[in-house]
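This is what each chain is made of:
2 protein chains.
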Amino acid sequence: MTVEQQFVDYVKKMQNYGEALSVIYWDMRTGAPKKGLGQRAEVVGTLSAEMFALQTADVLGEMLAELEAKQNELDFVTKRLFEEMKKGYDESKKIPADEYKAYVVLQAKTEIAWEEAKAKSDFALFLPYLKEVVAYQKKFINYWGIKNGSPYNTLLDKYEPEMTTDILDNVFGQLRETIVPLVKAIQASPHKPDTSMLFKYFPKEGQRAASLELLEKIGYDFDAGRLDETVHPFMIGLNSGDIRVTTKYDENDFRTAIFGTIHEGGHALYEQNIDLKLIGLPLATGTSMGIHESQSLFYENFVGRNVEFWKHHFEILQKNSPAQFGDVAVEDFLAAINFVEPSLIRIEADELTYPLHIMIRYEIERELFNGDLQVEDLPQVWNDKYEEYLGVRPTNDAQGVLQDTHWGGGMFGYFPSYALGYMYAAQWKHAMDKDIPNFDELCGKGELLPIREWLTDKVHQYGSLKKPFELLNEATGEGLNAQYLADYLKEKYTKLYQL
Amino acid sequence: MTVEQQFVDYVKKMQNYGEALSVIYWDMRTGAPKKGLGQRAEVVGTLSAEMFALQTADVLGEMLAELEAKQNELDFVTKRLFEEMKKGYDESKKIPADEYKAYVVLQAKTEIAWEEAKAKSDFALFLPYLKEVVAYQKKFINYWGIKNGSPYNTLLDKYEPEMTTDILDNVFGQLRETIVPLVKAIQASPHKPDTSMLFKYFPKEGQRAASLELLEKIGYDFDAGRLDETVHPFMIGLNSGDIRVTTKYDENDFRTAIFGTIHEGGHALYEQNIDLKLIGLPLATGTSMGIHESQSLFYENFVGRNVEFWKHHFEILQKNSPAQFGDVAVEDFLAAINFVEPSLIRIEADELTYPLHIMIRYEIERELFNGDLQVEDLPQVWNDKYEEYLGVRPTNDAQGVLQDTHWGGGMFGYFPSYALGYMYAAQWKHAMDKDIPNFDELCGKGELLPIREWLTDKVHQYGSLKKPFELLNEATGEGLNAQYLADYLKEKYTKLYQL
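Chains as they are written, first to last, in the working numbering: chain A, 1 to 499; chain B, 1 to 499.
If you're looking for bench data, these hints aren't it; they were derived computationally from the structure. Take these hints with a grain of salt, some might be off.
Pairs count within a copy or across copies, as identical chains cannot be separated in the list.
Stated by the list, open to error - List time: in silico DSS-like cross-link candidates among lysine-lysine, alpha-carbon distance up to 27 Å:
# : residue 1 : residue 2
1 : Lys466    : Lys158
2 : Lys138    : Lys101
3 : Lys445    : Lys429
4 : Lys277    : Lys13
5 : Lys35     : Lys277
6 : Lys35     : Lys217
7 : Lys101    : Lys13
Can you make the complete structure from the sequences, with help from the hints?
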C-alpha cells in the first residue's frame, strides 16, 4: 500500500468515529431519554478519546511528513486532504496534552456557569470562567502562532480561512454606513406594517406539514435526510447521504419553524450536493463557516423572503393555518415578515439589523485579543455599543452579554461568519442574476431547481476542496464585496418602507 | 491500579463501543435515510472491528489469566463479570481469525440469499448457503468443545446456559401431551368466537396513543425509554437508563401493535429495573434469552390476556377506536383475542399452538446437529411435522421452512428460548400467586405496580448476576417445571371453549 492509500484509510477511520459521535449527538438532541444521558456521556468520552488519539498519533505525523515531502506529486483531492489534516494535526499537537485536557474540563464547567449566570442574569457568576477561557485562548494563539499579522486573526482563520480584521473592518464599515441610516429612516417612517398575523395560533402539526413541503420545494432530498424537532434548530451532516435538519415549533410565532427550516434546509442542500467522491472524507463538508452560512442565508433571505416566492407558496401556509392566513393578502404577509425593528436579541433580529448585532460582537472580540479590553468590562462595552448601533440598551445581562453561548464555549472568531455568510449570499445572488436573469419568475412559479443547480455547480459540489476566497473568486470573478449586500438592503427596504 | 480495576475499565470501554453500535442500529431501524446507509455500514465496520480487537486482545487474555488465579478473592460482581468475559473471550479465541472472518462474510451473503429465496418461495436458492452455515456451526462446536454431552447442547448453552436436550425433550413432551389434545378438542368444539372485530380499521394514531398508555400502565418509564415504529418490533437496551421499544401498526389488525407493545414492554421492564450498580457493564442485561422472553411473555399473556386486566383497560381501546369497540362487550373481546386456530406461521400463532411451532424447530435442529438429518431434507421434514403436530401442511417454502430468519443467521439453539420463556413465565406466575393472591383483582383495578415490583425483586434487579436455573430455583424453589404452563393452558382453554 502506498502512503497515500494508508493515509486515506486512516482519515476515513477517524471520520467514521466522527460519524458515530454525530449519530449520538443527533439522538441526544432529538429525544434520547434523560436517564440514559449520564452513561451516554461515557460513550461519547470513549469515542472522543479514540478520535483524539488518532488525531495526534505519531503514525499520522509520520504519514503527514512523508506526504509533505511529495506534495507536488499528490492528486488534487489528496493534496487538499493533506492540508486539512496537517492543519488539524498541528493545531492539536502544538497544545501540550495536559493543558488541552484542563481546557476541556474548564469548557464543561464554563457551560454550566453560563447557564446559571444567564438564568440569574448575573455576569459576575460567569466572569471568572470566561476570564480563564480567554486566557487559554490567548495561550493557544501563542502556541499556534500569529497568523496574518495579529492574534485575533489566528482565531478568525480557524472558522474562515485567510480572514483578517483588515478585511472585516472594511466590509463592516461599508455595511454600517448603509444600515444605520436605513434603520433610522425606517424608524422615522410613518409606514408601519401590521404584524399581528405573525403571532396568531398556528398548530404544530400544520407547521410541521408546511416545513416538510417547503423543504421539498427548495430541493431537499428526504432519501438523504429527515426533519425532527429540537430545542435549538440545527443541520447535522452525518454523511453525504444523511444530512438531517431540525426545527422548533412555536405555536404563537410560526416564523421560528418556517424560516428556521428554510435556513437549515439551505445548509443541508450544501452538504447533500457535495461530490460523492468525497464521501467518508472530512472534505465532504462546507469549506468554512461563512460559506456554509451563505447557503442557509441565501435560502432564508434571498429565496424565503422573496416577494414572488411567497406569491406562489403562500398557499402552503394558508392551507395549514387557514384561520390565520385565509383572509390575508400576500402583500400584507410580505410586509409583516420583513418588519424592521432594532432589538436586543441577535437570534430574534430582523434581516436588516442583524449585521449590527454581529459587528458589536466582532469589535468586542477584536479588542479582547488585539487591544486591551478586559473581560470584566464586557457588560458595559456591550450595552454601550447596543445603544450606539441599535439605539436600544439592555437592562440586564441575560438580554445583553449573556445571551449567546459562543464565548463560554471558547468560540472566539466565530461570530463574523454569520455576517460574512450574508455578504457572500448577496454576492452569489448578484452573480446568479447574470446566469438566471428570471430568478424572480422562477421563484414565482415554484421552479427552484435551477437555483439549487447553480449553487451546486459553483459551491456545493466542491465541499472543502476549494478555500472560501478561491471559491468566491472563481464563481464571481472577485473577492469579498460588501456592496452587493448593501445594495440589496437599500433597494429592498427603501421600497418596502416607501422611503 | 489493581487488575480488577483495570479489567472493569477495559470491559466498560468495550461496552461503550457496544452502546455506540446500538444507537446506530436503533437509528438505522427507526428512520435513518436510505442514501446514508452505505457509508453508515463503514462506521459500523470500524466500531465492530475495534470491538472485536478489544474482545480478543492479548491484554484481555492476560487480565483474565490473572483474575482466574485469584477467583476466590474476587467480589461477587467481578467474579460474574470475569466468568462472562472469559466465556466470550474463549469463544472468540478458539475460532481461527480467518475462519471467523470468512463466516461473517458468509452470513451477510446468506441473509441476502434468504431474502431472495423467501420472496421466490424457493428453498433451493437458500440451500447452498444454509449448508455452509451449518457446516461452520459444526466446525465451531468442535473448536468450542462438546458441552453437556452432545454437540447441539453446545449451541443451546450459548442462549440458555446449562440447557440440554434431555431437559427439553422432557418438558416439550409434557407440553405436547397437554396441547395436542386440547387443540383437537377446540377444533371439534361447536363454540366459535366471533373474531371479526379484530380486523376492523383502527387508525395508526389511535394505536400509538393506546400503546403509549398501556406501556405507562405496566410501569414502563418514559424517562428511561421511548416508543418508535419499525417494520419488525424490538426492544433495545442502550444502557439501563435508555431502554427503547418499537412497535408496528397494522391498521387492519391492532393486535400486532397492542400485544407487540406489551410484549416488548415486558422485555423493557426487565432491563429498566436492573440494579444500577451494573450500569455500563455487560451484566446489565437479561441473564438468558429464555429468561428475557419470560418477562415479555409474562406481560403479553399473563397480564395482557388476563380477563380482569381487560375489564379495566378495555376503555383504552374503546376511546381510541370507538367505531370498532364502542359496542363490543369485553367478554366478546376476550374470546376473540384468545381465539385458537392451528396455522402455518409462527409469529402469527395463538398462545396455545405457539409452543408446537417451537417444538418442530427444536426437533429439526437437534437432529441436524446430534442426528443425521441433512439440510436438503429440511422442507420435507418441516412440512411433515407441521402436519403431524398442527394438522396443517405448508404448500410452499415461504410459508414453511423459509419463514424465519434465524437459521440463515446461524442462530441454531435459539428457538427453544421462546418456549422456555413461556414455561418460565408460567412458573413465575405460579410463584407470584403465593405472594400476590389478589393478582386478578390488581389487574382489574389497573394496579400493576406490585406485579412489576415482584418481578424486579425476583428477576429484574439481578441482570446477569445469576444464571437462569439459579434465578429460578431461588425464586420458585425448584428447577424448570413445565406443569405450570400445561395447567394454565388447560384451565384457561377448557373454560374459554367450554370443553
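So which of the earlier hints does this model not fit? none
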